[in-house]
Amino acid sequence: MAYVEAGKTRPGEMAARSSTPALSLRDVSVVFGAATNRPVLTDISFDVREGEFLCIVGPSGCGKTTLLRMLAGLHAPTSGAIEFGGKPIRGPSRERAIVFQDYNNALLPWRTVADNIALPLERHVASRAERDERVAALISKMKLEHAARQFPPQLSGGMQQRVQIARCLAQRPRMMLMDEPFGALDAITRQTLQDELMALSAEQRTTTVFITHDLEEAIYLGDRVFVLAANPGRLIETIEVGLPRPRNQLTTREDQKFLAHRHRLFGLLQGH
Amino acid sequence: MKTIMRFLPPVLFAAGLLALWYVATDLRLVSPVFLPTPARTFDEIASRFADGSIWASIGATVWRMVLGWLLASLVGVALGAAIGLTPLARDLLEPTLEFLRPLPASAMIPVAILFFGLSEEMAVSVIAFGSIWPVLMSSIFGFGSVRVRLREVSSLLGLTRWEFLRKIAAPSAMPDILSGMRSGLAISLILAVVTEMQASLPGLGRDIFLAQRSFRGAELYAGLIMLGVIGVLINHGLQLAERRLLRWRPGRA
Chain D
1 MAYVEAGKTR PGEMAARSST PALSLRDVSV VFGAATNRPV LTDISFDVRE
51 GEFLCIVGPS GCGKTTLLRM LAGLHAPTSG AIEFGGKPIR GPSRERAIVF
101 QDYNNALLPW RTVADNIALP LERHVASRAE RDERVAALIS KMKLEHAARQ
151 FPPQLSGGMQ QRVQIARCLA QRPRMMLMDE PFGALDAITR QTLQDELMAL
201 SAEQRTTTVF ITHDLEEAIY LGDRVFVLAA NPGRLIETIE VGLPRPRNQL
251 TTREDQKFLA HRHRLFGLLQ GH
Chain R
273 MKTIMRFLPP VLFAAGLLAL WYVATDLRLV SPVFLPTPAR TFDEIASRFA
323 DGSIWASIGA TVWRMVLGWL LASLVGVALG AAIGLTPLAR DLLEPTLEFL
373 RPLPASAMIP VAILFFGLSE EMAVSVIAFG SIWPVLMSSI FGFGSVRVRL
423 REVSSLLGLT RWEFLRKIAA PSAMPDILSG MRSGLAISLI LAVVTEMQAS
473 LPGLGRDIFL AQRSFRGAEL YAGLIMLGVI GVLINHGLQL AERRLLRWRP
523 GRA
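For the protein sequence lines, the chains are D and R, in the order given. Sequence positions in the first sequence follow this note's numbering and run 1 to 272. Sequence positions in the second sequence follow this note's numbering and run 273 to 525.
Hints listed in this document are in silico derivations from the structure and should not be mistaken for laboratory results. It cannot be assumed that every hint is accurate.
Said to hold, decoys possible - Heads up, incomplete: computed chain D residues facing chain R, CB under 10 Å, no partners named:
no., residue
1, Arg69
2, Gly73
3, Pro92
4, Arg96
5, Arg111
6, Pro153
7, Gln154
8, Gly158
Using N, Cα and C, we set each Cβ at its ideal position, and we do this for glycine too.
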């Protein structure tokens with residue numbers, strides 16, 4: 001409940017710092033291995049607006065995961081500057097949560113669903129009652145009521161990914177980073193989670209960077225879509241999606257604009 | 273019906289062995305000095321339970337074994353965590369451990385006697401020395417193979433080193449720690465008996481030793497059977513504890 005209220009206070013904050021982008025990258029390059037000098041990403045520059053839902057698509061090997069790991073602070077750029085809220089990113093921070101694709105590795109299999117979600121709260125929320133309340137709210141928000149006392153390995157992939165998203169929400173991040181979160185799920189579960197994520201994002205206005213190799217997913221979810229090309233990884237196109245919200249799995253995907261974006265992106269990725 | 277079918281063959285096999293024992297001694301195929309009849313052996317066990325004298329022996333052996341085993345587990349897990357998690361500790365300690373590991377624990381008995389005399393401390397230190405290795409090795413492996421993703425989750429959430437150890441690394445290494453502790457317990461029972469025989473400390477091991485010295489066959493075999501029973505019970509208890517601690521593992525409920 002408290003989190004919904006926090007979400008509501010966001011527009012005011014947004015106005016206050018509308019001049020500063022939530023996230024800004026300037027000429028960011030990454031080279032792997034001092035000996036081989038293999039460029040992974042070259043001269044990436046972009047801004048992400050406060051509350052924006054940004055999708056990044058690209059073929060495998062284009063460095064999109066490396067890019068996301070830099071935003072999380074798990075990896076440092078070889079050159080260039082990354083600023084979050086006007087300050088350079090120097091390492092991981094609880095302000096930026098990351099949802100990994102491999103939920104089965106990212107969850108603690110020996111903890112129940114509820115205890116997994118409680119992990120980020122343990123040192124930071126002293127009151128046991130408040131902790132329980134926040135966990136219960138996230139459990140109901142992510143529709144995990146029936147699984148609360150189960151262990152992650154006992155759950156389906158979709159449910160496990162819900163748990164990971166809930167755990168990230170528990171830390172109340174200012175930015176959500178998602179690394180192909182639905183890539184390992186079946187089509188039906190993927191659509192359900194896409195819609196739940198969009199509802200969540202509409203409610204909380206948390207800035208989100210979402211990585212996927214699924215073009216339609218990128219258009220369906222994003223305010224903007226960035227296209228990365230491989231060898232070396234570079235930004236080749238930015239698309240303003242401009243589709244009305246709330247979006248709908250059927251009608252949005254049949255929208256002329258959606259189809260036009262899809263053609264454009266498909267062509268871009270074919271060419272590389 | 274299914275459970276009967278599952279338990280019947282092993283029970284029949286054990287009963288067959290008992291019958292063989294009975295026949296071998298009844299027909300005097302083996303001298304009763306080497307192998308007493310089952311009846312005499314079980315009488316011996318029954319009478320030692322009846323006069324209560326067996327509890328002192330069982331207690332002494334089990335106590336010594338458990339103390340040595342706990343000491344080994346404590347030190348083994350602590351060292352294993354240090355070596356598994358920090359390259360510095362690994363570089364520092366591993367060569368020494370590689371030298372100590374192949375030493376038979378029984379070869380340490382004279383050293384332990386030099387330091388502690390024919391005492392409980394001697395026995396416990398030898399038991400601990402012998403049973404630390406499986407715990408240590410599996411702890412090193414367990415702590416060394418904490419998933420990279422979980423390390424990342426831990427640093428993303430800003431967990432302290434201690435929190436990482438307690439909330440991520442230790443539970444993640446727990447299956448390995450427990451299997452190492454189970455192997456260690458088997459070794460500690462062996463060494464409890466060996467030290468009793470060597471240093472004439474009270475316990476089932478000394479009972480067996482003295483029975484053999486004075487050709488009291490029934491007593492000897494009674495002691496062996498009791499050791500077997502202890503081994504089975506302890507292993508079973510540990511399995512139960514393991515199942516409880518690792519109940520999150522799929523296919524193990």
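Check your understanding: Which hint numbers does the structure go against, in order from smallest to largest?
Key -> Violated hint: only 8; rest satisfied.
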